[in-house]
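Participant: First to last, the sequence lines map onto chains L and H. The numbering used here puts the first residue of the first sequence at 1, with every later residue one more than the last. The numbering used here puts the first residue of the second sequence at 1, with every later residue one more than the last.
Keep in mind the hints are simulated off the structure, nothing from the lab. It cannot be assumed that every hint is accurate.
[Stated by the list, open to error] A short, non-exhaustive set of chain L residues, derived as facing chain H with CB atoms under 10 Å:
hint : residue
1    : Thr3
2    : Val33
3    : Ala102
4    : Ala105
5    : Ala107
[Unchecked claim] Below, in silico cross-link-like pairs of lysine to any residue (SDA-like), each with a Cα-Cα straight-line distance of 20 Å or less:
hint : chain 1 : residue 1 : chain 2 : residue 2
6    : H       : Lys413    : H       : Ser504
7    : H       : Lys61     : L       : Thr93
8    : H       : Lys95     : L       : Asn76
9    : H       : Lys95     : L       : Ala78
10   : H       : Lys410    : H       : Met394
11   : H       : Lys276    : H       : Leu22
12   : H       : Lys410    : H       : Leu427
13   : H       : Lys95     : L       : Gly79
14   : H       : Lys410    : H       : Arg510
15   : H       : Lys558    : L       : Glu2
16   : H       : Lys61     : L       : Met1
17   : H       : Lys558    : L       : Asp91
18   : H       : Lys558    : L       : Asn76
19   : H       : Lys558    : H       : Val316
20   : H       : Lys410    : H       : Ala526
21   : H       : Lys276    : H       : Ser519
22   : H       : Lys508    : H       : Gly423
23   : H       : Lys276    : H       : Glu401
24   : H       : Lys413    : H       : Phe492
25   : H       : Lys95     : H       : Arg24
26   : H       : Lys558    : H       : Gly298
27   : H       : Lys558    : L       : Met1
28   : H       : Lys276    : H       : Ala526
29   : H       : Lys160    : H       : Trp28
30   : H       : Lys276    : H       : Lys61
31   : H       : Lys61     : L       : Leu4
32   : H       : Lys61     : L       : Glu2
33   : H       : Lys276    : H       : Trp20
34   : H       : Lys276    : H       : Gly404
35   : H       : Lys61     : H       : Lys508
36   : H       : Lys276    : H       : Ile481
37   : H       : Lys558    : H       : Pro303
38   : H       : Lys160    : H       : Thr43
39   : H       : Lys276    : H       : Leu286
40   : H       : Lys413    : H       : Gly423
Small disclaimer: the values here were computed from a predicted structure and weren't measured. Glycine included, C-beta positions come from ideal geometry on N, C-alpha and C.
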Amino acid sequence: METLLSSLRITVATMAICVGGYSAAVWAIGQAVTPDTAEGSLITRADGTVVGSRQVAQAFTQPQYFWPRPSAVDYNGAGAGGSNKSPTSTDLTDRATETVAAYGATAANPLPAELAAASGAGLDPHITERAARYQVQRIAQARNLPVDQVERVIDQNAFSPGGMFTPDRLVNVLEMNLALDENKAG
Amino acid sequence: MTQAILFVLFILAGTALLSWPLGRYMTWAMDPAKGQGRPNGFTTLFQGVGGSLARQEQDWKRYAVSLLGFNVVMFIVVFSVLALQQYLPLNPDAKEALDPSLIFNTAASFTTNTNLQHYSGEVSFSYLTQLGGLMWLQFVSAAVGLSALAALARGLSGRKLGNFFVDVQRATFLVLLPAAFIVAVLLVLTGVPMTFNGSVVATTLEGVQQTIARGPVAAFVSIKQLGTNGGGFFGPNSTHPLENPTFWSNVVETVSLILIPMGCVWMFGRIIGRLKHAGVLFAVMLILMGARITASVGFESVPTQAFVSLPITQDVGNLEGKELRFGTSAGPLWAVLTTSTSNGSVNAMHDSLNPLTGMMPMIGMWLNEDFGGVGVGMVNMFLYIVVGVFIAGMMIGRTPEYLGWRVESKEVKFAMMALLSHGLFILVGTAIFAATPWGADTLNNVGPHGFSEILYEFSSAAANNGSGFEGLGDATTPWNIATGIVMLLARFIPIILPLAIVGSLSSKRRATESSGTLSVEDGTFAGMLTATVLIVGALTFFPAATLGPIAEHVMFMK
């Protein structure tokens, strides 16, 4: 009985400090120092509507946009997940066959593997620079733009996520598509 | 590949260096006795909070009873929070009532520091459930492990075991809380959300509605990583871009995976007063873990087998289930670290790892000691040490001793019971579920990979790990109850039996070590210990591995 009483006292103390105090302190620092990412890196239009989160992939299927990596959950931001298929699974072959067809990839112009493989959460906001360049022709054609102009959007957005530890440069799909739409307006 | 190797070395070397001062600090925090760390003024305060029971020295039985009593309270409190979440505040997305078997499984899972998740956080749980229920357990369940190690080490140094109620507060407030706060701030700075606002509905550029779940993620993820808990805020854990948004957040989370388990080895060495012995243990653990990391990163550089026949580039490794922002070796590295420690968080989907890569996390959970969970990893290693010392003693015809304590049949029986129960839970559980619809109807993959999903799930439950081959449809009543029971037994048997061993050892007269004593500080001991770990592990699990990942590799990888 005494054991339970002591346990309860410690429960109250740890709850108050490790749940209440700690969460509040971390929250206050987040709101004060990095309010944008603390709220989920939302991109909002002038009229207040939310376009999406910079950190979360959204679906793009129209030819005038860069397309993200495949998503096993159809880009569900409220129920993320991966395919959880073994890399030896024929289900993956079937899914990749459809992706290959969508991009019109051929043996002479093979699809970069990262565009065929679904990410862990199905919400990877990035593709590699080469996967972006792979899509330039289609986008330029659909937008009736010179290829250079689409290439320039990639140049402006490409970044190295981990410096010397990551050789591949990445681009954020949603940010590039926003830049494409702005170019059209301007 | 150069960058991949560089990244692995950067993480391992950096964390190993950090673990040295941390071990020193943890000794001060956990064992402020004369001649150990410097005394600190917190003991009186913690005795006040804990009440009259907290003021007495406990023998191993009282220590164990207090530990179990506190765990009963932990379980009941969180069971209640889960069962009542629909009536409680901090529920902006109106999460509803949960299935009773899921409540049992989740309460057992987080009480035992396992964090096996048969639910998806952003789908099912309110913010109060996540913080007030689960995150609280992530602090105190890790503290329980650290307390057990401190008591074990005190016993081995010839002193009384201490007091559980004081130890658990030292571990929570002096070790875990400051570490969690520092890491949480780093995560906030690297872009992890920390908000109490509910999910937002976005209208995408193509005009579709997308609901984006968010929440108080940074605070939760910090202790999830540090306390070898591993339960994610979101369903897909640290693959989720809001749980692990950048390369650098991934670095912080990866280091946090193994930092405290590494520090525990140094703390153990300092409390028993044998730092050189701790150095040998650290080296053995690092070698066992390093071997699996090398294998894992190597096997995962093979391209996705399913794409080989298609016009898809074959110049990168397997990217199914991985995020691009972490770089190529971050997934297979994390997979080993998270199962070497009993963490169980993921930053790549283990179900989609190449077959032999997927075996490396399983081996980690089967051995479960390098570096193991917070506190309990070193306690598991102690079981192997007892067995190893006994075998070595028999081989050279001397009385087996460890740190001057005579190891006899009673202690070895206890150690073997604890080690064999691990294999029993995994193999019997897997056999039952593989042979019945309980397991067979819940698979996401066919053939040997399906078997691997079942084997992995029981390994994860028995190792108190919590990761999974997540394709498995494990949110069923049989899975919830079976893994719930396994987690509880597999948590408390390997905590209580080692305490019993120490109780038994310390009731004997301690011999002084002489030149005739088997040294625990040289290469011979390291080799003997490694062999014991590998033989016990391999003999128990090799047949099961052959049916799962090895069969899949042989059948399908070209």
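Participant: Look at each hint and say if it fits the structure.
Facilitator: Going through the hints against the structure:
no.: 1; hint: Thr3; result: holds (4 Å)
no.: 2; hint: Val33; result: holds (7 Å)
no.: 3; hint: Ala102; result: violated (13 Å)
no.: 4; hint: Ala105; result: holds (5 Å)
no.: 5; hint: Ala107; result: holds (5 Å)
no.: 6; hint: H/Lys413 with H/Ser504; result: holds (12 Å)
no.: 7; hint: H/Lys61 with L/Thr93; result: violated (58 Å)
no.: 8; hint: H/Lys95 with L/Asn76; result: holds (17 Å)
no.: 9; hint: H/Lys95 with L/Ala78; result: holds (12 Å)
no.: 10; hint: H/Lys410 with H/Met394; result: holds (15 Å)
no.: 11; hint: H/Lys276 with H/Leu22; result: holds (17 Å)
no.: 12; hint: H/Lys410 with H/Leu427; result: violated (26 Å)
no.: 13; hint: H/Lys95 with L/Gly79; result: holds (13 Å)
no.: 14; hint: H/Lys410 with H/Arg510; result: holds (17 Å)
no.: 15; hint: H/Lys558 with L/Glu2; result: violated (63 Å)
no.: 16; hint: H/Lys61 with L/Met1; result: holds (16 Å)
no.: 17; hint: H/Lys558 with L/Asp91; result: holds (18 Å)
no.: 18; hint: H/Lys558 with L/Asn76; result: violated (35 Å)
no.: 19; hint: H/Lys558 with H/Val316; result: holds (16 Å)
no.: 20; hint: H/Lys410 with H/Ala526; result: violated (24 Å)
no.: 21; hint: H/Lys276 with H/Ser519; result: holds (11 Å)
no.: 22; hint: H/Lys508 with H/Gly423; result: violated (31 Å)
no.: 23; hint: H/Lys276 with H/Glu401; result: holds (17 Å)
no.: 24; hint: H/Lys413 with H/Phe492; result: holds (17 Å)
no.: 25; hint: H/Lys95 with H/Arg24; result: violated (44 Å)
no.: 26; hint: H/Lys558 with H/Gly298; result: holds (16 Å)
no.: 27; hint: H/Lys558 with L/Met1; result: violated (63 Å)
no.: 28; hint: H/Lys276 with H/Ala526; result: holds (12 Å)
no.: 29; hint: H/Lys160 with H/Trp28; result: holds (17 Å)
no.: 30; hint: H/Lys276 with H/Lys61; result: violated (30 Å)
no.: 31; hint: H/Lys61 with L/Leu4; result: holds (16 Å)
no.: 32; hint: H/Lys61 with L/Glu2; result: holds (15 Å)
no.: 33; hint: H/Lys276 with H/Trp20; result: holds (13 Å)
no.: 34; hint: H/Lys276 with H/Gly404; result: holds (16 Å)
no.: 35; hint: H/Lys61 with H/Lys508; result: holds (17 Å)
no.: 36; hint: H/Lys276 with H/Ile481; result: violated (44 Å)
no.: 37; hint: H/Lys558 with H/Pro303; result: holds (11 Å)
no.: 38; hint: H/Lys160 with H/Thr43; result: holds (16 Å)
no.: 39; hint: H/Lys276 with H/Leu286; result: holds (15 Å)
no.: 40; hint: H/Lys413 with H/Gly423; result: holds (16 Å)
The structure shown violates the earlier hints numbered 3, 7, 12, 15, 18, 20, 22, 25, 27, 30 and 36.
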